[in-house]
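Residues per chain are reported as follows:
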Amino acid sequence: MLSARFSRVSPTLAAFRTVSKTKQAKSATAGAIAYRKGIRYNSTAALYYPNEPKKPQAVTDSIPGPVSVELNEVLGEVFDNRASYFVTDYDNSIGNYISDKDGNQLLDVYCQISSIPLGYNNPELFKTAQSKEMASALINRPALACFPPAEYANILKEGILAAAPPGTDKVWTALSGSCANETAYKAAFMYLAAKKRGSLDFSDEELTSVMNNEAPGSPETVILSFDKGFHGRLFGSLSTTRSKALHKLDIPAFKWPKAPFPALKYPLNEHSRENAEEEARCLAEFEEIICQYPPHTIAAIIVEPVQSEGGDNHASSVFFQGLRDITIKYDILMIVDEVQTGVGASGKFWAHEHWNLTTPPDMVTFSKKFQAAGFYYSNPNLQPKQAYRQFNTWCGDPSKALIARTIYQEVVKNDLVTKTASVGDYLYKELDSLFKRHPGKAKNLRGEDYGTFIAFDCANPTKRNEFLLRMRGAGINIGGCGDFSVRLRPTLVFEKSHAAVLLSAMETTLQEL
Amino acid sequence: MPHPTISVCEGYFPEEPVAPVVVTSSPGPKLKKAADALNKVFDSRAAYFVADYAKSQGNYIVDVDGNSYLDVYAQIASIPLGYNNPKLVEVAKSDKMTSAIINRPALGNFPGADTEEIIAELLKVAPKGQDKVWSGLSGADANELAFKAAFMWYQSKKRGYSSGFSTEETESVMKNQAPGSPELAIMSFERAFHGRLFASASTTCSKPIHKLDLPSFNWPKAEFPSYKYPLEANVAANQEEDRRCLAIVENLLKTWAVPIAAVLIEPIQSEGGDNHASNEFFQGLRDVTLKYGSLLIVDEVQTGVGATGTFWAHEHFNMSPPPDMVTFSKKFQSAGYYFHDPEIIPNQPYRQFNTWCGDPARMILAGAIGKEVVDKDLAKQAARVGNYLYPKLEALAGKYPAYMADLRGKNRATFIAWSFKDASLRNKFLADMKTVGINVGGCAEDSVRLRPTLVFEEKHADILVAGIEKILSSY
Ligand SMILES: Cc1ncc(COP(=O)(O)O)c(C=O)c1O
Ligand SMILES: Cc1ncc(COP(=O)(O)O)c(C=O)c1O
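Order-wise, the sequence lines are chains U and L. Going by this note's numbering, the first sequence runs without a break in its numbering and finishes at 516. Going by this note's numbering, the second sequence runs without a break in its numbering and finishes at 493.
By construction, these hints were calculated from the structure, which means they are not laboratory data. Be careful, since some hints might not be right.
Distance condition first, Cα-Cα at most 25 Å in a straight line; then the derived DSS-like pairs of lysine-lysine [claimed, not checked]:
#, chain 1, residue 1, chain 2, residue 2
1, L, K146, L, K398
2, U, K160, L, K48
3, L, K176, L, K48
4, L, K114, U, K130
5, U, K135, L, K410
6, L, K477, L, K488
7, L, K176, U, K258
8, U, K199, U, K173
9, L, K398, L, K439
10, L, K51, U, K173
11, U, K499, U, K439
12, U, K135, L, K398
13, U, K247, L, K175
14, L, K309, L, K410
15, L, K105, L, K142
16, U, K388, U, K57
17, U, K247, L, K176
18, L, K246, L, K225
19, U, K258, L, K193
20, L, K398, U, K199
21, L, K48, U, K173
22, L, K225, U, K388
23, L, K175, L, K272
24, L, K73, U, K130
25, U, K135, L, K114
26, U, K130, L, K111
27, U, K198, U, K332
Going by beta-carbon spacing under 8 Å, a handful of chain U positions derived as facing chain L [to be verified]:
#, residue
28, Q115
29, I116
30, F150
31, G180
32, C182
33, E217
34, R236
35, F238
36, A248
37, L252
38, I254
39, F394
40, P442
All C-beta atoms, glycine included, are put in the ideal place defined by N, C-alpha and C.
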């Protein structure tokens, strides 16, 4: 059992805990007013969260503490919570700090698996959540494609679409990363079939065979993904997920192809030739796999800008431009999965903007930090010719579109992408020198010039898991990825002061490891 | 039955319109403009109209031109308690809801202090025999999560619940190949609808347009009974139909090339035409799935939450033992599946998993909806209103037999449907109903389905019946 080595709860913090969420939000709003009057704060976190803790606080000797354990036992009777870290007290979580039900307060660089954009109990999101529009969106949930609300076009234009990646101007909304990807696959399959069919209507053979789940109506077309890719866990998305066996075992899958993803060597500047060769090898193999399929069989490829669940594997712009060139050459759509990389963390709003592709991707999927999910596109033919084909009951969720709008507007207003890029630069450099001080314990630092989207490897899976646990003991909630990597996925209001807390906890932990 | 002085609906909606108001032909000028604007960025070619939800009340939906329609389609059967229900407004404005919206948890990793309480509310209205739940985000998602549970369960029966995976399994699965990624199937029924993601679309068998051009799993379809109506006059023929269909199910369970981990069925096939089947058929299905070691999943996405007169439609069937999983979404606002066998929980964490594992904001609403339905006895009220409405429709069917064939849904509250001779007549009827201020939907090619809220009462039924009569008498 780990003992808590971070400081005991302070009286001020105890007092803070009794302040209601509403009051916290209100005092933050006062801050916002001051801001608008021209008083410039450098720290958006201080503006949002005047009461954000300065450092982690521990009240129990180990996490999960006794209260968490007890609550989890009750919950476990009815809901599978075996993956639970601890039971969270969301009311007392604030900014970059997550609180558990025992009263421990941790700096959070995992953020609900990379899905908290602006910190806990953000006052601007609070306002949106309390708005009339939100109440209506919640209680009058529309079947969006049949009975869209009058304001939906504007909500999209001011939010999700204002954030559209360069080269895209339309969106289809969904509910999670998995279903965002699957709706994009559907668009790709229907697009490919329509293209092959030309202007013809469906044939009788197609119309009858499809009802038996057979070709030609239900064709043997495929989506190509990459080794170690993660794209979700429903049946189509899971067939493209290649991260870990445990994600896939016992579930029937489509026999779709996968291509190798570059395994780069670090530090990059010391391995530029080898890495270029590795990327060239992967591109060649990618093209070879494509050539093994008859033309118009691969509807699309899907790729993450950084393979996140699979271990934070990066590749260079040259590699991605290569993918784009080859997909264009063979008339295959390119889907970029920005579910985890999107919305600012990489130092660009969309991570694939780092590549400066000559032709933008055909579809870009999103979820997580944006709270709303779906895919962007521009080619109108990605919208099937007949209505009711890309369709379901809800076709998205206006309440999430409202939240996404506020998230986008706050990111822009507070320049959070630029700030994240600069905090990331600081953090990366500090980590680099930290790891040099502890050789052999942490290596392959990744994410230079990539905002706070940073990761590194431990010596092996056991050491990695020990590292994560010790960090929790030191007051940092942090997650792993791949088999032996650690990933940082903080909010967009994670600043230098938070980075300093993280770094000092890492220093101690690495020493002890 | 004497009416209480203030009905549930009047209690909720003192200002509900007393009748539809039609001010423009459909689509009106503002609607056309709004729909075009939206369509530029979001595919809205399926739009019936662009709605003004702030002005919609109770059973009435208002469009941007100011037309106010009595809504018996209710967002494809997904509005439980009427538009702008004051109880739900309270819930939407609560601190609990605000927190759920702005601090959306990854529920599997970081459940909140109130997660247990939120789930307890969902479990209070669990179908008989079910005491656990796993949450999802839509009907298709709920079903696919249930399929995953079924497949993991099936393999664990073969392997032993606590046995580990073989190296061959862990290696082959990364190539999407057996044995790690096994050849297993879910059986569904002809004319079924279970959603439109890849696996759910493989079990959907309603219309080609729902499925065309999408790769699918080659999973089997049994036949769902096709009854002759009226039921009372065709008892023997329909019993024979049950037997015929059950024999097909059994034959597929015995002979399908790959094992069938679960059989999936709707209590009433809704999108596929409101096709009903008897208690005996469902009990037969339960028996045969037990005999062959397959799970039985009941898809209550459209039938659940009161509209058939019981909270869950399959409760009408008194199946014994109860189904293994029951999926839900739509009217409940939250989605997922109920179950009871602890071995339907996979043997390791992170197998039934995703980022959010549901949405507490929607789960809170579901709990509140469940509570209102129970407190106000709205399933019973729906039964009462259905029993009031059904004979009136029966009388209309007698008067206009050319336009109202196979009236279905007797003793199924307001979950009522009938058929036209063909699609074009049916479509004309649906469009014409707008001119009398009624928003109504179809199902299958030739049917009309009623999917009103649970606060649809006798006075609304009167307006509906008068509207139908007005249109049919003009044909
Ligand atoms: C890149 C990527 N795509 C898709 C998904 C699936 O998202 P969800 O869990 O919301 O289905 C994830 C989740 O981790 C992801 O990281
Ligand atoms: C019985 C049934 N199952 C599943 C679904 C799919 O639900 P969703 O559209 O939310 O994916 C529907 C939708 O109409 C349905 O009626």
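Going through the hints against the structure:
1. L:K146 x L:K398: Roughly 17 Å separates the two Cα atoms, so the pair holds.
2. U:K160 x L:K48: Cα-Cα ~19 Å, so holds.
3. L:K176 x L:K48: violated (61 Å)
4. L:K114 x U:K130: Between L:K114 and U:K130 the Cα gap is close to 14 Å, so the pair holds against 25 Å.
5. U:K135 x L:K410: Violated. U:K135 to L:K410 sits at ~40 Å, over the 25 Å cutoff.
6. L:K477 x L:K488: Distance ~17 Å between L:K477 and L:K488 Cα, so the pair holds.
7. L:K176 x U:K258: Measuring from Cα to Cα gives roughly 23 Å; hence the hint holds.
8. U:K199 x U:K173: holds (24 Å)
9. L:K398 x L:K439: Violated, at about 33 Å.
10. L:K51 x U:K173: The hint holds at about 18 Å.
11. U:K499 x U:K439: holds (21 Å)
12. U:K135 x L:K398: violated (32 Å)
13. U:K247 x L:K175: Status holds; Cα separation ~23 Å.
14. L:K309 x L:K410: violated (43 Å)
15. L:K105 x L:K142: Given that 25 Å is the threshold and the Cα spacing comes to 18 Å, the pair holds.
16. U:K388 x U:K57: violated (56 Å)
17. U:K247 x L:K176: Roughly 22 Å between the alpha carbons, so the hint for U:K247 and L:K176 holds.
18. L:K246 x L:K225: Within the cut-off at roughly 22 Å; holds.
19. U:K258 x L:K193: holds (8 Å)
20. L:K398 x U:K199: violated (53 Å)
21. L:K48 x U:K173: holds (22 Å)
22. L:K225 x U:K388: It holds: about 17 Å lies between the C-alpha atoms, which stays within 25 Å.
23. L:K175 x L:K272: With a Cα-Cα distance of about 18 Å, the restraint between L:K175 and L:K272 holds, given a limit of 25 Å.
24. L:K73 x U:K130: Between L:K73 and U:K130 the Cα gap is close to 22 Å, so the pair holds against 25 Å.
25. U:K135 x L:K114: Within the cut-off at roughly 16 Å; holds.
26. U:K130 x L:K111: Judged against 25 Å, a Cα distance of about 11 Å means the pair holds.
27. U:K198 x U:K332: Given pair U:K198, U:K332 holds - Cα atoms ~16 Å apart, limit 25 Å.
28. Q115: holds (4 Å)
29. I116: Holds, about 5 Å.
30. F150: Where the cut-off is 8 Å and the nearest Cβ of chain L is about 5 Å from U:F150, the hint holds.
31. G180: holds (6 Å)
32. C182: At about 6 Å, which falls below the 8 Å cut-off, the nearest Cβ of chain L leaves the hint on U:C182 intact, so it holds.
33. E217: holds (7 Å)
34. R236: Interface hint status for U:R236: holds (5 Å vs cutoff 8 Å).
35. F238: With Cβ-Cβ at 4 Å, under 8 Å, it holds.
36. A248: holds (4 Å)
37. L252: holds (5 Å)
38. I254: holds (5 Å)
39. F394: holds (6 Å)
40. P442: Check failed: Cβ of U:P442 comes no nearer than 32 Å to chain L, outside 8 Å.
Against the hints set out earlier in the document, violations occur for numbers 3, 5, 9, 12, 14, 16, 20, 40.
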